[in-house]
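Asker: Letter by letter, the chains look like this.
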Amino acid sequence: MTGSDVAVLDVRDVHRTHGTGPAAVHALRGVSLTVGPGELVAVMGPSGSGKSTLLALAGGLDSPTAGEVRVEGQPLAALDRRGLAQLRRRRVGYIFQNLNLLGSLTAVENVALPLELDGTGVRRARAMARAALAEVGLPDLGDRFPDQLSGGQQQRVAIARALVGERRLVLADEPTGALDSQTGEAVLHLLRRRVDAGAAGLLVTHEARHAGWADRVVFLRDGVLVDSTAPLGSVEQLLSGSGR
Amino acid sequence: MSIRHGLLALLERGQMYGYQLRAAFEESTGSTWPLNIGQVYTTLSRLERDGLVRSLPESEAGQRPYEITDAGRADLALWFATPVSRTDRPRDELSIKLALALTTPGVDVRSVVQTQRAATMRALQELTRLKYASDRPEDLPWRLVLDAMVFQAEAEVRWLDHCETSLVRYRPPAPGPQSPDASRGAEAVLPADEEARR
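Protein chains in written order, with the numbering used here: chain A, 1 to 244; chain B, 245 to 442.
No lab work stands behind these hints: they were computed from the structure.
If you're wondering where the values come from, they're calculated on a predicted model, not measured in any experiment.
Just to be clear, a hint being listed does not mean it is correct.
In silico EDC-like links for lysine to aspartate or glutamate, alpha-carbon gap of 20 Å or less [what the hints assert, rightly or not]:
| # | chain 1 | residue 1 | chain 2 | residue 2 |
| --- | --- | --- | --- | --- |
| 1 | B | Lys375 | A | Glu207 |
| 2 | B | Lys375 | A | Asp196 |
| 3 | B | Lys375 | B | Asp294 |
| 4 | B | Lys341 | B | Asp352 |
| 5 | B | Lys375 | A | Glu185 |
| 6 | B | Lys341 | B | Asp405 |
| 7 | B | Lys375 | B | Asp391 |
| 8 | B | Lys341 | B | Glu408 |
| 9 | B | Lys341 | B | Glu398 |
| 10 | B | Lys375 | A | Asp215 |
| 11 | B | Lys375 | B | Glu271 |
| 12 | B | Lys375 | B | Glu398 |
| 13 | B | Lys375 | A | Asp180 |
In silico contact screen, one side only, chain A against chain B (beta carbon under 10 Å); selected entries [stated by the list, open to error]:
| # | residue |
| --- | --- |
| 14 | Gly212 |
| 15 | Arg216 |
| 16 | Phe219 |
| 17 | Ser228 |
| 18 | Thr229 |
Some chain B residues flagged as far from chain A (calculated, every beta-carbon gap over 12 Å) [what the hints assert, rightly or not]:
| # | residue |
| --- | --- |
| 19 | Ala268 |
| 20 | Ser289 |
| 21 | Gly350 |
| 22 | Val412 |
Note that beta-carbon positions come from the ideal geometry of N, C-alpha and C, so glycine has one too.
The shape of chain A in the complex, shown without the other chains:
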């Protein structure tokens, strides 16, 4: 990041404890992390290491016990419930492992929903939704219901919903779920493309192959960041070397 860039996501010395006393579980213990525009950061770690907690805090779905989370410079703790809901509709996109598509709405309606909830006119919201569906390779399936789509197509709809409009921060939790490796790769390709176009991305995964799509990979163990990879050099630098 250059000096003029504000980190899209800024997590500062965040702790998250569930419960109190001897039964307390320390999900995160002093985690700091920034993600800039055009940067995709992967968080790797085993189950229970705090990955999903970190993602929930980044998107304002949960609040830290201590420490601070900022999205585009805005401290989330300063937002009331309404402000947080607005942030989630406008600036943050989520891609979950379970897709959370509404079965009674078509693909276009699912994708347009956050925009409509946010006050965008129906016609305009649906036009934006169709554009987002085209971006994920589903230009002709917008009028189908989720159960008329394959697993991979449903996941693409969920991604379109996460990317529709001007989302500056995209949060993905094991976004390839149970998809086969080709379809999973296509999902990451879409995420990567959106980040290359200027969004900031945080990808939680336990698969190294998926984390390989990130610019930087951080490793979480028992709620603590244990190490991370430095940002990458250029493709040209790599080609001049010999593999590893």
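Once you have looked at the hints, place chain B on chain A.
Answerer: Frame of chain A; chain B shown alone:
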């Protein structure tokens, strides 16, 4: 894998001279395996000695093309039909290094694991970036070579994760006169101990 069979496979496409073979070899392995021209000519002369290729008259430009023989084709077909044996692959320096780190006094094994994992992860990121940059249909052979390296790197990261988890539970046997059975017994109670401390 031998350069031998690589060159035979290339000659099966048609006759070529040394520099063409080197370029085609590097192209089909996506430059992950650079060859020097000396290796190409040494291999060609051995292949010719064994009757698997034959050299043709020099061109006016002084280039001598080679072509594959029937014996060469049979050898190539056998190579494609035979699975690669794991024992033919080079010894895995990393696993040996970790095994030694564990038994060498004063080595911070966790740090060895973490340093390696960050490096392997970085290689994986680089490979993925190369893949992302080569999405034309004609890039498929190169992408598959990259995929092979991606899956190997992924396996290594998983193994390193496994090592790290195992290290959490590991306590080296205490020095001193202890029977092997006693030291095993002491280790067995440690995981629970570790859990209790968390």
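Asker: Each hint: holds or not?
Answerer: Each hint tested on the structure:
| no. | hint | in the structure |
| --- | --- | --- |
| 1 | B:Lys375 to A:Glu207 | 17 Å, holds |
| 2 | B:Lys375 to A:Asp196 | 15 Å, holds |
| 3 | B:Lys375 to B:Asp294 | 38 Å, violated |
| 4 | B:Lys341 to B:Asp352 | 12 Å, holds |
| 5 | B:Lys375 to A:Glu185 | 11 Å, holds |
| 6 | B:Lys341 to B:Asp405 | 16 Å, holds |
| 7 | B:Lys375 to B:Asp391 | 8 Å, holds |
| 8 | B:Lys341 to B:Glu408 | 14 Å, holds |
| 9 | B:Lys341 to B:Glu398 | 19 Å, holds |
| 10 | B:Lys375 to A:Asp215 | 14 Å, holds |
| 11 | B:Lys375 to B:Glu271 | 15 Å, holds |
| 12 | B:Lys375 to B:Glu398 | 15 Å, holds |
| 13 | B:Lys375 to A:Asp180 | 18 Å, holds |
| 14 | Gly212 | 4 Å, holds |
| 15 | Arg216 | 8 Å, holds |
| 16 | Phe219 | 7 Å, holds |
| 17 | Ser228 | 7 Å, holds |
| 18 | Thr229 | 5 Å, holds |
| 19 | Ala268 | 18 Å, holds |
| 20 | Ser289 | 25 Å, holds |
| 21 | Gly350 | 21 Å, holds |
| 22 | Val412 | 9 Å, violated |
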